[in-house]
Amino acid sequence: MNSLPEPDAAAPAWMLAHEAPLLVRGWENEYVVYARASGDTHLLGAAAYCILARLQVARAGRAALRAVVADACAEDEQAQCAGLTDAILADLEVLGLIRPCCR
Amino acid sequence: MRLSDLAPAQVRARCHGGGLRFRTGEFSICLQTRLASVIDAVALLYAQFPLLDDDAYIDFPIVLERPRNVRRWWRPQVRFLVDGHAPFQPLPLDQAYPMFEWGLNWCVSAHAHGYLMIHAAVVEKNGRAAILPAPPGSGKSTLCAALVARGWRLLSDELTLVRLSDGALVALARPISLKNQSIALIRQFQPGVVASRPVFETQKGTLAHVRPPPASVANAGQTCRAAWIVFPRYEAGAPAQLAPLTRARAFMRVADNCFNYSLLGARGFDVLGELIDSAHCYDFSYSTLDAAVGAIEQLAQAQP
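Residue numbers (my numbering), protein chains in the order written: chain A, 1 to 103; chain B, 104 to 407.
By construction, these hints were calculated from the structure, which means they are not laboratory data.
Quantities reported herein were computed from a predicted structural model and do not represent experimental measurements.
Where is the CB? At the ideal position from N, CA and C, for every residue including glycine.
The reader is advised that the hints may include incorrect statements.
Okay, the calculated bits of chain A under chain B, using three or more residues with CB under 8 Å as the criterion [unchecked claim]:
(1) 14 to 26
(2) 35 to 43
Which chain B residues face chain A? A few, computed with CB under 8 Å, are given here [said to hold, decoys possible]:
(3) 347
(4) 349
(5) 350
(6) 351
(7) 352
(8) 354
(9) 355
(10) 358
(11) 365
(12) 369
(13) 372
(14) 376
Every beta carbon over 10 Å from chain B, so not counted as near; a handful from chain A, in silico [claimed, not checked]:
(15) 53
(16) 57
(17) 61
(18) 63
(19) 70
(20) 71
(21) 72
(22) 82
(23) 83
(24) 84
(25) 86
(26) 87
(27) 95
(28) 100
Using the sequences plus the hints, can you model the full thing?
Below, the structure is given as structure tokens:
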């Protein structure tokens, strides 16, 4: 019998950089996010917001986050989802909103 | 009792003595000075403002005086004091009145943290306000003066005060500051406008202040709600054009124009979010005041 592969504990994952919950307001598929830890406010697109929302629930790996972004992307953007996810993760790290972690 | 109820000699005597006490919006001021240029300008531009009793609480006790230094004789200067402290370096004496206005702006922006303070003009008609945030030089005060000349109520040409407790816009109707070519432009747009004498070679160029309409001063206690946030930009030759702006982008730009958004932290984020929720947001380019006022009027009529 075939079984699903076990998640790779060594594979990269991400979590929110700080425990304090982010404040979010969204309009017309754009979001402003206030990070209490830094006092900074950021303007995010829908895909970036979806990643943050997912990480507010629990830490997640690249595959799970790509799936989240895929849900937020239009059909004709699906081919770019993987690259887009990686770029957003890099941006969110630079902004100090998320950080890499172990699973 | 209003300032205009005092004879010029009485205004002078109060300024020379215990201070001229009056209210502007939510704030009470006591002005002590012997400088005739300041006394004359205050008597002209604050004529409709309510006077306060001698025992009234004063938010900002202000003194404008000539410093006692050697420059007193060969290059006279003026010094602004509030509560006995001088927050700025002295300026040339002929800039005494602009220094009073700048200093008063500083007093409010440095102390009034019961409000989210936006560097923006704000005017109101039929209970709905248009906030005009913009950096210096974008034509914000000129457009504000033109709208006020056409019947909009002045809340402020410089400081939009959003009360933290309920998000209401609170008026701070004071003289409108005009720079350089805007002075002649507004004199042409509103013949008979009451303005102070121009002061030349200030750090902002030539400067004059326009007296706020009596109705704006009398109704300064009335709060209102934001209906529009319009980012004005004077552009030579451009037709008056309003381009819709997403609320999230407007949020970021208003936050950039706030004096105390960062200081207020999460509270500032919430209050600004509620303000943006209630408003339609636009970029606005224009080159003539008639067309600009017409476009804003049309906007107000189209979104009742």
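A quick look at each hint next to the structure:
Closer than 8 Å: that is the beta-carbon criterion, and the stretch 14 to 26 of chain A has 3 residues meeting it against chain B, so the requirement of 3 holds. With 4 residues carrying a beta carbon less than 8 Å from a beta carbon of chain B, the stretch 35 to 43 of chain A meets the three-residue requirement, and the given coverage holds. Hint on residue 347 of chain B is violated. Least Cβ distance to chain A is approximately 10 Å, over the 8 Å limit. Because the closest C-beta pair between residue 349 of chain B and chain A is about 5 Å apart, less than 8 Å, the hint holds.
Here the hint on residue 350 of chain B is kept, as its CB sits about 4 Å from the closest CB of chain A, short of 8 Å. With a cut of 8 Å, the hint placing residue 351 of chain B at the interface with chain A holds, because the nearest CB-to-CB distance is about 4 Å. For residue 352 of chain B, the suggested interface contact is upheld, since its CB lies about 7 Å from the closest CB of chain A, less than 8 Å. A distance limit of 8 Å between C-beta atoms decides the matter here; for residue 354 of chain B the minimum to chain A is near 5 Å, and the interface restraint holds.
The closest approach between the C-beta of residue 355 of chain B and any C-beta of chain A is roughly 5 Å, which is under the 8 Å cut-off, so the hint is satisfied. Hint status for residue 358 of chain B: holds, given a least beta-carbon distance of 6 Å to chain A, under 8 Å. This hint holds: residue 365 of chain B has a C-beta 6 Å from the nearest C-beta of chain A, less than the 8 Å allowed. A least Cβ separation of about 6 Å between residue 369 of chain B and chain A falls short of the 8 Å threshold, and the interface hint therefore holds.
At about 4 Å, the closest approach between the beta carbon of residue 372 of chain B and any beta carbon in chain A falls short of 8 Å, and the interface hint on this residue holds. For the restraint placing residue 376 of chain B at the interface with chain A, the shortest Cβ-Cβ distance is roughly 4 Å, inside the 8 Å limit, so the hint holds. Even its closest Cβ contact with chain B, about 16 Å, leaves residue 53 of chain A beyond 10 Å, as expected for a residue assigned away from the interface. Non-interface status of residue 57 of chain A relative to chain B is upheld: no Cβ of that chain comes within 10 Å, the nearest being about 21 Å off.
The beta carbon of residue 61 of chain A sits about 29 Å from the closest Cβ of chain B, which is more than 10 Å, so the claim that it is off the interface holds. Its beta-carbon lying about 29 Å from the closest one in chain B, residue 63 of chain A satisfies the requirement of being farther than 10 Å from that chain. Distance to chain B confirms residue 70 of chain A as a non-interface residue, since its nearest Cβ pair spans about 23 Å, more than 10 Å. Residue-level check passed: residue 71 of chain A sits 20 Å from the nearest beta carbon of chain B, beyond 10 Å.
For residue 72 of chain A, the non-interface assignment is confirmed: its Cβ lies about 16 Å from the closest Cβ of chain B, beyond the 10 Å cut-off. Listed as outside the interface, residue 82 of chain A is consistent with that label: its C-beta sits roughly 26 Å from the nearest C-beta of chain B, beyond the 10 Å cut-off. Remark: the non-interface label on residue 83 of chain A is consistent with the geometry, its nearest Cβ contact in chain B lying 24 Å away (cut-off 10 Å). No Cβ of chain B comes within 10 Å of the Cβ of residue 84 of chain A; the nearest lies about 19 Å off, and the non-interface call holds.
For residue 86 of chain A, the requirement that its beta carbon stay farther than 10 Å from each beta carbon of chain B is met, with the minimum near 24 Å. Residue placement check: residue 87 of chain A keeps its beta carbon more than 10 Å from all beta carbons of chain B (closest about 20 Å). No Cβ of chain B approaches the Cβ of residue 95 of chain A within 10 Å, the least distance being about 14 Å, so the stated non-interface status holds. Chain B leaves residue 100 of chain A outside its interface by the beta-carbon criterion, the shortest separation being 27 Å against a cut-off of 10 Å.
Consistency note: the structure conflicts with earlier hint 3 alone.
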